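Q: One letter stands for each residue in the lines below.
There are 2 protein chains.
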Amino acid sequence: MHKCGRYPEKPATDLALEAALNALDDAGIPWNAMEVAYASHVAQGVSVGEAICEKLGMTGIPIINVENACASGSTAIREAFYAIANGVYDVAIVIGVEKMNRGVLGGAGEEGSLERELGLNVMPARYALKANKHMHAYSTTVEQMAKVSVKNHKNGCLNPYAHYQKVFTVEEVLASKMICDPITLLQCCPTSDGAAAAVLCAAKIVRRYNSKPKVFIAGSALKTEKYKDDADLTARTAKAAYEMAAMEPGDIDFAELHDAFTIGEILHCESLGFCPPGEGGVLVDTGRTEIGGDIPVNPSGGLQSRGHPLGMTGVAQLCEVVWQLRGAAAKRQVESAKVGLTHTQGAGGVCSVHIFKR
Amino acid sequence: MHKCGRYPEKPATDLALEAALNALDDAGIPWNAMEVAYASHVAQGVSVGEAICEKLGMTGIPIINVENACASGSTAIREAFYAIANGVYDVAIVIGVEKMNRGVLGGAGEEGSLERELGLNVMPARYALKANKHMHAYSTTVEQMAKVSVKNHKNGCLNPYAHYQKVFTVEEVLASKMICDPITLLQCCPTSDGAAAAVLCAAKIVRRYNSKPKVFIAGSALKTEKYKDDADLTARTAKAAYEMAAMEPGDIDFAELHDAFTIGEILHCESLGFCPPGEGGVLVDTGRTEIGGDIPVNPSGGLQSRGHPLGMTGVAQLCEVVWQLRGAAAKRQVESAKVGLTHTQGAGGVCSVHIFKR
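As given, the protein sequences belong to chains A and B, one line each in that order.
Residue numbering for the first sequence follows the working numbering, starting at 86 and increasing by one per position.
Residue numbering for the second sequence follows the working numbering, starting at 86 and increasing by one per position.
With the rest of the complex left out, here is chain A (with noise of 0.2 Å):
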């Protein structure tokens, strides 16, 4: 990985060269065996991931750039993990890249729809809206959204790629600007450059590299909504994962999941199992979802600490959960970690959730 943060000086492409020299370094494979790279990024040009390549220099590869919001990262790696697990290629790179524009991300409805007149084009109007929803419905409070952002900024801290390495309390995160009520600032992610990148590799070759602790993919899922804000998309995601990879939620040791808002992390935990449906706001005030809780979410400061560049997300969720399956993970190490998952959701209705396994 590359650390999230503000580097205007640096090209994107300078972030991604850095990760991807960092997780070829990790994997002990070399640049040259790379059968084929995929790029993920939103919005940073064209042929990116060539861009990125020439500076690890010309092998020849394939190189595929996917984007898919902030699923971009997931789904590069889901197109990656398919092509090596059909035997098309035995080693693949995944890089994950994005520098953001400040201020508030936009995205959903076309220009002149009644969604953009009614200003819902934006994110945290969007995920107002369910937080209200929720709260109606469940007696959800403002200060457990707000101990989403307390405990991943906590988490954040122990983690040396966050953007954000600061503590803050649920009153300070209540006091902050209110951006859309009832999210205030310190609910939003940040806007941070930044990138991941990863190695993968057919079974049969991986124990040749090194001996570090192995971690598979065991179930893989991308899908899209069914209808306008479907509610259903991440539940019914997790079931192809979970159904993939044979587990059920009480399987998953701990998660990497969309936290782009803080009421996104409670509705989250619902719909991937980990509670009951309006039990999410519960979850996070019992502290369960700690880093020392039965249900870790986040552990790596998640999109409120670590930063949320859009095509580096997902690649960066699956590095967290290698590192965490390793025992690799430090001060933020999960105990005793078997079984990870990742969730991103991204704007024009995608979701993908992985589960990683040791």
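These are calculated hints, taken from the structure and not from any lab test.
A hint or two may mislead.
Treat identical chains as interchangeable: a pair holds within one or across any two.
Calculated lysine-lysine pairs in the DSS-like style (CA-CA distance at most 25 Å, straight line) [as the list claims (entries may be wrong)]:
#, residue 1, residue 2
1, Lys416, Lys442
2, Lys95, Lys313
3, Lys324, Lys88
4, Lys215, Lys251
It should be emphasised that the depicted structure is a prediction, and the values quoted were computed from it without experimental measurement.
Starting from the known structure of chain A, fit chain B onto it as the hints suggest.
A: Quick look at chain B alone, frame taken from chain A:
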């Protein structure tokens, strides 16, 4: 397909919708049977595939956006092909779309690079150098290059989906505005909007749907440069596709290739093995690449006349090949065509070759 042209009032998603509906209708397979969608475009925004599929009906399938400059469409075809060939899905739709800005396409060289300072970041300049080199090395003439434009515009007149349906003489091509010596305006592909789509399905189920002659993918290759302006890229990519198809250049009945500039067709004919190195100019001169010749090239009108909406091109080439191999290409039919080849080359140093057979 959606006819290439200028559609300032029509969003890219509407162009793509029309192309997708045409493809579904042609295949005789309903939209809700699609198991995955691959969308290719270069600069149409975030989650474009999802926005197109929303108009077709939200069925919840995985949607993957793929970009590879001018080779975006062929990269999407390849991803879909491998997913199906490996049994991940049985039926996929590939949709390529682009609305182009007016003016000269840039894309090469980083900000502040020597390439940019010299003005070599724009495409006509890059191809002009190749043209001058070819003229110097092989005595290729400006008339021979102009004949590529004349032939392809003549072919385009027979294609209802082509942007331009107008014949030109060699004299008119050479007398048109000089863009970058020796490349004149009528030797550059126009900037067109357009969309193309195709339904791909597994061989085991293809006969289930209709009685139209079936077209199979026999070879698929995607490669990138091994050095800057890699002169061997197309030849190396073609070699891989020929090997996969167990074919030789002599087995190809016709080709749709990347004639963004007339010299491109001459160079690519050599690299694809349709004539010896240096004889691409003579090949077009002798009429062998005409529709009635022994190796017709760009019967659709090619990029020169059909147009080159970046994300569309690879998919549009596939459409032309399917029509030709079915014997359904009407006035531009290549007689008894059994094997067709498509070739795209993209900024960033990427090339794709596909071989299709009846």
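Q: When the hints from earlier in the document are held up against this structure, which numbers fail?
A: 3, 4
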